[in-house]
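Visitor: Below, each chain spelled out in residue letters.
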Amino acid sequence: MDLNLNLNLNVNGRPERFAAQPNELLVERLRDGLGLTGTKVGCDTGQCGTCVVRLDGRSVKSCLVLTASAAGSEVTTIEGVAERGGELTGLQEALRQEHGTQCGFCTPGMVMALGELVENTAGGGAPTEPEIREWLTGNLCRCTGYHSVVRGVQRACAPAVEAGAAGREG
Amino acid sequence: MILTEFDYVRPLGLDRALDLLAGPGARVLAGGQSLLPGLRAGTERAGLLVDVRHLDELRGISAADGTLRIGALTTLAELAAHPLVRERAPELAAAARANGDPQVRNLGTAGGNLADRGRPTDLPVAALAAGAEVELAGPGGRTRTGVEEFTAGGVPAGSVLTALLVPAAGPAAAFEKAADRATRYPLCAAAVRITADGPRIAVTGATPRALRLRGVEDRLRGGPYTTEAVLAAFRAEPRELFVPGRGTSAEYLGHLAGVLTARALARAARITA
Numbered sequence: 001m002d003l004n005l006n007l008n009l010n011v012n013g014r015p016e017r018f019a020a021q022p023n024e025l026l027v028e029r030l031r032d033g034l035g036l037t038g039t040k041v042g043c044d045t046g047q048c049g050t051c052v053v054r055l056d057g058r059s060v061k062s063c064l065v066l067t068a069s070a071a072g073s074e075v076t077t078i079e080g081v082a083e084r085g086g087e088l089t090g091l092q093e094a095l096r097q098e099h100g101t102q103c104g105f106c107t108p109g110m111v112m113a114l115g116e117l118v119e120n121t122a123g124g125g126a127p128t129e130p131e132i133r134e135w136l137t138g139n140l141c142r143c144t145g146y147h148s149v150v151r152g153v154q155r156a157c158a159p160a161v162e163a164g165a166a167g168r169e170g
Numbered sequence: 001m002i003l004t005e006f007d008y009v010r011p012l013g014l015d016r017a018l019d020l021l022a023g024p025g026a027r028v029l030a031g032g033q034s035l036l037p038g039l040r041a042g043t044e045r046a047g048l049l050v051d052v053r054h055l056d057e058l059r060g061i062s063a064a065d066g067t068l069r070i071g072a073l074t075t076l077a078e079l080a081a082h083p084l085v086r087e088r089a090p091e092l093a094a095a096a097r098a099n100g101d102p103q104v105r106n107l108g109t110a111g112g113n114l115a116d117r118g119r120p121t122d123l124p125v126a127a128l129a130a131g132a133e134v135e136l137a138g139p140g141g142r143t144r145t146g147v148e149e150f151t152a153g154g155v156p157a158g159s160v161l162t163a164l165l166v167p168a169a170g171p172a173a174a175f176e177k178a179a180d181r182a183t184r185y186p187l188c189a190a191a192v193r194i195t196a197d198g199p200r201i202a203v204t205g206a207t208p209r210a211l212r213l214r215g216v217e218d219r220l221r222g223g224p225y226t227t228e229a230v231l232a233a234f235r236a237e238p239r240e241l242f243v244p245g246r247g248t249s250a251e252y253l254g255h256l257a258g259v260l261t262a263r264a265l266a267r268a269a270r271i272t273a
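Line by line, the protein sequences are chains W and V.
Taking full-length UniProt numbering as reference, the numbering of the first sequence is continuous, increasing by one, and the terminal residue is 170.
Taking full-length UniProt numbering as reference, the numbering of the second sequence is continuous, increasing by one, and the terminal residue is 273.
Hints are computed from structural coordinates only; laboratory data are not their basis.
Worth double-checking, as some hints may not be accurate.
[What the hints assert, rightly or not] Chain V stretches covered by chain W per the calculated footprint, using a threshold of three residues with CB under 8 Å from any CB of chain W:
1) 219 to 229
2) 242 to 250
[Unchecked claim] Facing chain W, according to a computed beta carbon distance under 8 Å, are these residues of chain V, among others:
3) Thr4
4) His82
5) Leu84
6) Asn106
7) Tyr185
[Unchecked claim] Cβ-Cβ distance ranges computed for the label pairs, FRET-style:
8) V:Gly23 / W:Arg58: 39 to 45 Å
9) V:Thr195 / W:His147: 43 to 49 Å
10) V:Gly198 / W:Arg96: 37 to 43 Å
11) W:Glu87 / V:Thr67: 34 to 40 Å
12) W:Gly90 / V:Pro167: 44 to 50 Å
13) V:Arg209 / W:Arg96: 32 to 38 Å
14) W:Pro15 / V:Gly158: 35 to 41 Å
15) W:Cys103 / V:Gly42: 30 to 36 Å
16) W:Ala158 / V:Asp15: 30 to 36 Å
17) V:Gly141 / W:Gly90: 51 to 57 Å
18) W:Cys103 / V:Gly140: 23 to 29 Å
No residue lacks a Cβ here, since even glycine has one placed at the ideal position from N, Cα and C.
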């Protein structure tokens with residue numbers, strides 16, 4: 001029985017058309033079908049968060065989404081966050097400055113998850129430290145270096161004047 | 001990768017979904033946050049996934065005649081943040097917020113959380129304390145069932161959970177949880193709502209399934225809800241009510257359920273006063 005489905009997906013602003021099996025996971029399409037290997041597979045059970053992407057704006061675990069169910073949606077992966085060779089986003093730059101990347105394996109998932117938090121709180125005040133830590137519940141870092149990630153988010157969300165002052169001190 | 005094979009259909013309406021669900025091996029797919037890991041682990045089976053995630057008729061939150069109607073596809077993130085839910089069913093909003101992590105809450109649905117027959121989830125206990133009902137659509141039309149009966153039997157074969165109907169209350173309700181550190185599932189969770197007839201108290205995780213504890217309610221009727229009184233009310237329950245496992249004893253779980261209930265009652269009573 002041929003179970004292939006013909007699907008459409010917009011990935012990082014580009015329309016993609018392909019045939020997929022019903023049991024294919026979105027992370028498999030992104031990595032193996034489209035070659036977007038910035039999205040990682042850590043646990044494959046929905047616990048570690050290295051595969052987080054944005055699906056119609058919301059951060060989701062791409063190992064817990066069927067490609068077929070995502071069809072017709074807009075997906076943003078880590079490759080679509082900043083232009084290749086271009087400037088990093090404010091969040092990425094703040095994580096870099098606070099050494100929030102460490103070994104780097106969990107970083108794409110963290111950036112995709114935290115991007116939603118930063119956008120949600122933009123204009124409404126910076127998230128508190130407990131809010132940042134709670135938001136990181138779904139992202140496991142085996143370097144156990146959450147402090148520097150939290151500082152990175154705080155730097156990214158700090159009002160522009162304070163960020164400038166911090167920059168001068170550094 | 002999901003090694004088991006199944007077919008996939010995205011019906012354009014609820015009626016078509018119900019037709020498809022009448023077939024053998026057909027399962028509802030909504031947020032997929034429990035079903036997909038279950039299919040991969042082999043603890044769940046399906047021949048056909050009927051994807052209802054895109055059906056607008058299962059969405060939306062509204063209030064009428066003192067009842068909140070919460071569409072089954074409302075995500076846990078939406079439920080946790082919605083002003084009407086936070087104001088009139090605070091135990092439900094808190095339970096939604098306590099689930100999983102932000103990414104799971106972005107896709108996981110109220111309906112899926114209530115219908116889950118695997119590990120204990122957070123919403124059923126809040127729905128029990130709230131005295132809620134579920135609306136089901138099946139081959140014979142739509143029916144309403146009390147959550148207590150629903151948690152015992154689950155979604156009937158061939159049916160779809162379409163909405164949760166919650167009596168709107170003031171803020172005299174609360175939810176407390178001790179989460180398993182790795183999975184975020186409740187080791188034990190308790191929800192309470194203080195009504196004119198006394199407290200309604202429900203517990204999950206420590207018990208075989210989400211249960212309303214009428215014995216505890218009776219012992220605490222009229223208050224006061226001191227920690228000592230609540231713990232004593234739980235000690236009077238039969239030990240077999242609490243299911244040991246996951247490194248815990250029945251005695252520990254009974255005590256934990258009492259502590260969480262005491263905290264929830266203290267918070268709910270303080271808001272009432």
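Visitor: Now tell me if each hint is right for this structure.
Guide: Outcome of the hint check:
1. Counting residues of the stretch 219 to 229 of chain V whose beta-carbon sits less than 8 Å from any beta-carbon of chain W gives 0, not enough to reach three: the coverage restraint is violated.
2. Given a C-beta distance limit of less than 8 Å, the hint that chain W covers the stretch 242 to 250 of chain V is violated, as 0 residues qualify and 3 are needed.
3. The closest approach between the C-beta of V:Thr4 and any C-beta of chain W is roughly 7 Å, which is under the 8 Å cut-off, so the hint is satisfied.
4. Here the hint on V:His82 is broken, as its CB sits about 15 Å from the closest CB of chain W, past 8 Å.
5. For V:Leu84, the shortest C-beta to C-beta distance to chain W is roughly 20 Å, which exceeds 8 Å, and the interface hint is violated.
6. With a least beta-carbon distance of about 4 Å to chain W, the hint placing V:Asn106 at the interface is held under the 8 Å criterion.
7. Contact between V:Tyr185 and chain W, as hinted, is not supported at the beta carbon level, the nearest pair being about 11 Å apart and thus beyond 8 Å.
8. The hint said 39 to 45 Å for the Cβ distance between V:Gly23 and W:Arg58, and at roughly 31 Å that hint is violated.
9. A C-beta distance of roughly 45 Å is found between V:Thr195 and W:His147, which places it inside the suggested range of 43 to 49 Å.
10. Separated by about 57 Å at the C-beta atoms, V:Gly198 and W:Arg96 break the suggested range of 37 to 43 Å.
11. For W:Glu87 and V:Thr67, the Cβ-Cβ distance of about 51 Å falls outside the hinted range of 34 to 40 Å, so the restraint is violated.
12. Checked against the hint of 44 to 50 Å, the C-beta distance between W:Gly90 and V:Pro167 comes to roughly 45 Å, which is consistent with it.
13. For V:Arg209 and W:Arg96, the hinted distance range of 32 to 38 Å is not satisfied, since their beta carbons lie about 48 Å from each other.
14. Range check, W:Pro15 to V:Gly158: Cβ separation about 37 Å, and the 35 to 41 Å hint holds.
15. Look at W:Cys103 against V:Gly42: about 32 Å separates their beta carbons, and that is inside 30 to 36 Å.
16. A hinted range of 30 to 36 Å for the beta carbons of W:Ala158 and V:Asp15 is inconsistent with their spacing of about 53 Å.
17. A hinted range of 51 to 57 Å for the beta carbons of V:Gly141 and W:Gly90 is consistent with their spacing of about 53 Å.
18. Taken as a hint, the range 23 to 29 Å is violated for the pair W:Cys103 and V:Gly140, whose Cβ atoms sit roughly 57 Å apart.
Of the numbered hints listed earlier, those contradicted by the structure are 1, 2, 4, 5, 7, 8, 10, 11, 13, 16, 18.
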